[in-house]
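Asks: Please model the complete structure; the sequences and the hints are all you need to start from.
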Amino acid sequence: MAGEYDTAITVFSPDGRLFQVEYAQEAVKKGSTAVGVRGKNIVVLGVEKKAVAVLQEDRTVRKICVLDDHVAMAFAGLTADARVLMHRARIECQSHRLNVEDPVTIEYITRFIADLQQKYTQGRGRRPFGLSTLIVGFDYDGTPRLYSTDPSGTYHEWKANAIGRQAKTVREYLEKAYTETIYESTHESIKLCIRALLEVVQSGSKNVEIAVMARHKPLKTLSAEEVEKYIAEIEKENEIEAEKKKQAKQIGGTTTTAPTLTTQTSKKE
Amino acid sequence: MALANVLGFKSNNEFDRSLQCQKTDNNIDEFCPTLNIENIAQFITLPPYADPAKYLKMVNEKVDRVKIQFLKGTTTLAFKFRNGVIVAVDSRATAGGFIASGEVKKVIEINPYLLGTMAGGAADCAFWERVLARHCRIYELRNKEKISVAAASKILANMIFEYRGMGLSMGTMIVGWDKRGPGLYMVSDDGERISDNIFSVGSGSIYAYSILDAGYKYEMSTVDAIDLARRAIVHAAHRDAASGNIVRIYHMKETGWEKIEEKDTNDYMYQYRDEKTMNF
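Listed in order, the protein sequences are those of chains C and L. Residue numbering for the first sequence follows this note's numbering, starting at 1 and increasing by one per position. Residue numbering for the second sequence follows this note's numbering, starting at 1001 and increasing by one per position.
Think of the hints as simulated: they come from the structure by calculation, not from any bench. Keep in mind the model is a prediction, meaning the values are calculated, not measured.
No more than 25 Å apart at the CA atoms, straight line, and that leaves these computed lysine-lysine pairs for PhoX-like:
{"hint": "1", "chain 1": "C", "residue 1": "K159", "chain 2": "L", "residue 2": "K1144"}
{"hint": "2", "chain 1": "C", "residue 1": "K50", "chain 2": "C", "residue 2": "K191"}
{"hint": "3", "chain 1": "C", "residue 1": "K40", "chain 2": "L", "residue 2": "K1179"}
{"hint": "4", "chain 1": "L", "residue 1": "K1144", "chain 2": "C", "residue 2": "K119"}
{"hint": "5", "chain 1": "C", "residue 1": "K40", "chain 2": "C", "residue 2": "K217"}
{"hint": "6", "chain 1": "L", "residue 1": "K1144", "chain 2": "C", "residue 2": "K40"}
{"hint": "7", "chain 1": "C", "residue 1": "K176", "chain 2": "C", "residue 2": "K40"}
{"hint": "8", "chain 1": "L", "residue 1": "K1179", "chain 2": "C", "residue 2": "K217"}
Replies: This is the structure we're talking about:
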């Protein structure tokens, strides 16, 4: 059934699906993971850094990019498509500043990118953009925002989200771990992002790239040393957790004694 | 563009062009549609002669004893102060020496928190400010917040700039209150758009400015501000032949605009003459 309805993009299948869009979402699932976390005073983006070839310069692979002074974007999926989309978004940010004399709101630029992605699901002879994006930043009034778009052109606002490879696993972890206290603290928000990434990525600062943006400040990529410090802290916390669990199990072992069969009046533990 | 819409022109359909190889894929930019020499005829109905600006210049000057003068025969003023913006206008429309009407509404209510004034061609001002109202409403619906005065005045200025040199005659002030506080911009037909605390536009503006500059203080109370605006229009109406009849005053507040009054300028002039209360 799928074979007949997936070649021309503008055709719905009989059960109401756009197969090309779904295949684009599959392409996204092959891309390296990206995680976004929104804190009260900080927004964090983390991406998995795939291993580069021996002779390749590390710096040419950029998965986190700035769209304007107060907006940043990470993506998962086709890198070339992302480059084109990013270029258009950057122009739109400046165009908005020129025409409206205000910086874009994060919602506005997300809507623009999503509109663009949607346009390519409804055109003749054009395939959709094969990427999902995470867009973070601060609005003019200082509110932190995190949005996510996907190849179908829909966008949603999130407190924390993950896209790309094993995004579901990471999102489930975020759902369990995200609390109000983490939201309030800058340090904890960054740590949560790194933790979430480490769920699916090998531990080590050379496998993750973290960028943070504070209110009214430009995007800052954390250096390898800073990431190592967070990772060391996380590992220590993990050890403490493991110790606690082990102790809890031991104490639990002594309480389950076998019941005595001699007298019914004997006290049970 | 607005004119094209009104006349039923179909805009360039993007997807019909998609099969051709396009260098740039233009996204729809409502504020500034991209025009160039090749496609301009599809967007704007041009006058049926070659160089509109040169032709109109001929008509403005004496050609066969016919002279159509596009003067801005009016007095309009607006100024920012502590409690918002005061807008005051007269209501006389003249065609040369003939008083066409004494009850023209020279303040255009764009929406409950934006006002525009009219000076120059009445049709130009009224039409383009209505188009501006449409853009402002769409902005508000799309972005879930009121448009800023800077953006609204920029939309109008960009629309006017498209027709620069083609004979538009507008000297309008866009007044509003947005998240940055009170806003006042002057937009004119040569594409100028400037912001300041005090503006006056029209043939009677010279008289109005002298009253305004003598009595203006940012920390004025609302009552004093309204009185200053009233005096300025009344004195301009007294001396300028092309201004007069009724003075209309509006006050732009944080909650939107409020119409203060519309009274006859001559009656006020008699009152001032009897009071003799000018203090500098």
